[in-house]
Amino acid sequence: MPKDHGIGASSKRREDVRFLTGNGNYTDDINVAGQAYVHFLRSDVAHGRLTKVDTSAAAEMPGVIRVFTGADFEGVGGLPCGWQVTDKHGNPMQEPAHPVLAQGKVRHVGDPIAAIVAETPAQARNAAEAIEIDIEDLPAVIDMKAALQEGAPKVHDDLDNNLCYDWGFVEENKGAVDEAFSKAAHVTTLELVNQRLVANPMEPRVAVGDFNRSTGDSTLYTTSQNPHVIRLLMGAFVLGIPEHKLRVVAPDVGGGFGSKIFHYAEEAFCTFAAKALARPVKWTSSRSEAFISDAHGRDHVTKIELALDADNNFTALRTETYANMGAYLSTFAPSVPTWLHGTLMAGNYKTPLIYVNVKAVFTNTVPVDAYRGAGRPEATYQLERVVDKAARELGVDPIALRRQNFITEFPYATPVAVEYDTGDYNATMDKLLEMVDRDGFDARAAESAKSGKLRGFGVNTYIEACGIAPSALVGQLGARAGLYESATVRVNATGGLVVMTGSHSHGQGHETAFPQVVADMIGIPEDMVEVVHGDTANTPMGMGTYGSRSLAVGGSAIVRATEKIINKAKKIAAHLMEASEGDIELKDGQFTVAGTDKSVAWGDVTLAAYVPHNYPLEELEPGLEETAFYDPANFTYPAGAYACEVEVDPDTGKVEICSFAAADDFGNVVNPMIVEGQVHGGLAQGIGQALLEGAVYDSDGQLLTASYMDYAMPRADDVPSFQVDHSCSTPCTHNPLGVKGCGEAGAIGSPPAVVNAVVDALNRGGHNVTHIDMPLSPSRVWSAMNG
Amino acid sequence: MTQVTMTVNGKSVSGTVEGRTLLSEFLREGLRLTGTHVGCDTSQCGACVVHVNGNAVKSCTMLAAEAEGAEVRTIEGMADADGTLSTIQQAFQDHHGLQCGFCTPGMVMSAAALLSENPKPTEAEIRAYLEGNICRCTGYHNIVKAIMAASGQEASAVAAE
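Residue numbers (the working numbering), protein chains in the order written: chain L, 1 to 787; chain U, 1001 to 1161.
One or more of the hints may lead you astray.
Quick list of in silico lysine to aspartate or glutamate cross-link-like pairs, DMTMM-like style, CA-CA up to 20 Å [what the hints assert, rightly or not]: (1) Lys12(L) - Glu1131(U); (2) Lys654(L) - Asp718(L); (3) Lys1120(U) - Asp717(L).
Just so you know, the hints here were simulated from the structure itself, not pulled from any lab data.
With the rest of the complex left out, here is chain L (with noise of 0.2 Å):
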């Protein structure tokens, strides 16, 4: 019998009355009083020397207020990098300048020029038109080896090149690697590309500052995923604003998939714009604009060798990988190929020697950050496409191959520096292989044939660091932030709580699923507990929502909270009763002391709490709040095991996924219904990269898929129903909900499935196509099977 309410329950969004009714309040939604509105004007070129900006009759141009360059902000600092990477020789990674708008040069097209503020939008535009830009060209580099050429233009001329870093994980570990090579049975090779791809949450990005004359205080409303992260980068590092004198808030937020973790230019301008002009000044992103100027994702080029012994048991991993940074390094860009993919390349397997070598370099095009999975996508995705072209090669079943392999025993240390503390991998699968009927297979391809179309069957697993992450890992890894969370409980004294999380929720259902949580420990109706979020004025200094973290991470300091408040309330409550403070129960809302029939209800303590006439003074302090800083022990490890049955049409190359299934392990389950709306929806952006997503830019930097004319988003029809179960469960063991987030698990697992299937299909129908790149469009499929 299913839970119908706390921790297990599938409780219906709460959220989703204001959504469904058109009550949201988005960013685009707000307008404060006087508001200007800025179009930023960005360049149409991806390189080259800015000779002239005369903005003189721009600024005479109707309801101009000013229009602002990178003059204006010569004394202001540049957008910081978040992560500092060392390369293989113990040097620090090169950290080109991120001015808030270009300063001498311009480096990506949408690199963005001038700043008109105007009393309309449509008046800003039409003044952007007046400025007289002069760009003396500059040769472009796009591709990533060709960047790292002698003699390569340098998007940074104060670099030495155009490598960021070159990154050797586990650096010591080289000789022993290459040793196990040589000695190897057999070596499965392959090249792949990760592609590069667009977040493209719905709602695109705004920005709205505004100045407090009388307090000197700024604010910033903004489409984030982490507000106070925000305040502190901004407010640090670039506009030189105290904490306290600086409010940022993320109201509903449309969507986010990692773009908007990241600490943006435009964010920047509104606030320094509003002081500057003493005026709210807005922004607000067009899609197109978007394309150009939000973080894009993945980008890694990849050779990877996979070492097996005579017995196919994986002695040892080698990859080098190019990854791209794009022209200057976004919020936390460089961790992404390195802490977030290299330490993730063990997988589901014990190979005992692994050596990643990744490149990072700076091209001419727009900066490439995390995007849903960061990192683990693309670990995932070479892992286990090597995987399944070494079970060909050798002429053996990839589910027993990989069985074969897999950790089985836990806590499991992996040569890449992570120890995974939980896991089941053989249940997985066989949970998978229950949902799909691999049995029936050749009936079904049978079926297939005879509309003259190939039938092909794909499978993977998966394995993922989540709940990012303890803050003293990633220092020692170069973070340069803390990765706890925070919540503070605040009970009222007629019983209520808000719970006020450092979290942020754009999509996950926070408001929701959190109260579960609270509800369940002190046994009281959910409709009890409300969630604050999203205000850096009413809600603990947190680090946000990104890394499927915030249940494993922030729901854990809202237990941490609640278990003070309880600790607290059960003080009163033997107060009340005149019992002993160990002798206090609470149970379904109720205190009662143990072995009498005594008790006092949730309400009456809470009052006793804030109307304290009868009441410890002498001991406890009146109020019931509670704040907790939660930092965890460990990365969580969800893991899983993926399979797509596709048709591909041979005539055409078109293919259709049949049916997809996942099985994964979360680890325990507060909102079943919310979990499987995050697999179902990172299924449909992992099948959209397997299939149809691509970011592509030519050789002079233009970016060609700048639109949604352009940039294949998966619709409704591209993409199946999906088959998803959670019930292997191995709880985290560090966590105190066991849990391990769910968010990306779908982004990360879906990829390898798909295009293992289409080989699959490829294969059984003749063609000796060991690979194919993504997205798999009709044009390339037909290629690889014509030739």
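Based on the hints, put chain U in the right spot on chain L.
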């Protein structure tokens, strides 16, 4: 500047607009009906779908002046007067057919138009009809389920369930 008058959610409204003012802009900025969202600039995403004279229309692709005299219905006009959610809205909540909520108004308006044209659509018909509405969160699975349920069909009829 032109004066336009239309009926929006049953109420007669008028305003002064530029020739280039889009219906979406008039609804959002002129009438402060901010439930209609704008997610792209190429008439692809469908977050801005409203009903004009009973037809689903992308309000970013229609000039406000073209709606002169029209009956317009937006997401704000979908629930009953007492705030009770319509069948479709309720089905979206019951089946978790929304996450961030940004595409939701357009999805609900498109779903309503579909069911008025085709009261018992198949899963394939629902998926084909929603071709002009992009959702980045749900993978469409639960949107399809919600629309099946709203049409009085078993949501479990969705293929993989």
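Checked hints:
no.: 1; hint: Lys12(L) - Glu1131(U); in the structure: violated, 27 Å
no.: 2; hint: Lys654(L) - Asp718(L); in the structure: holds, 11 Å
no.: 3; hint: Lys1120(U) - Asp717(L); in the structure: holds, 18 Å
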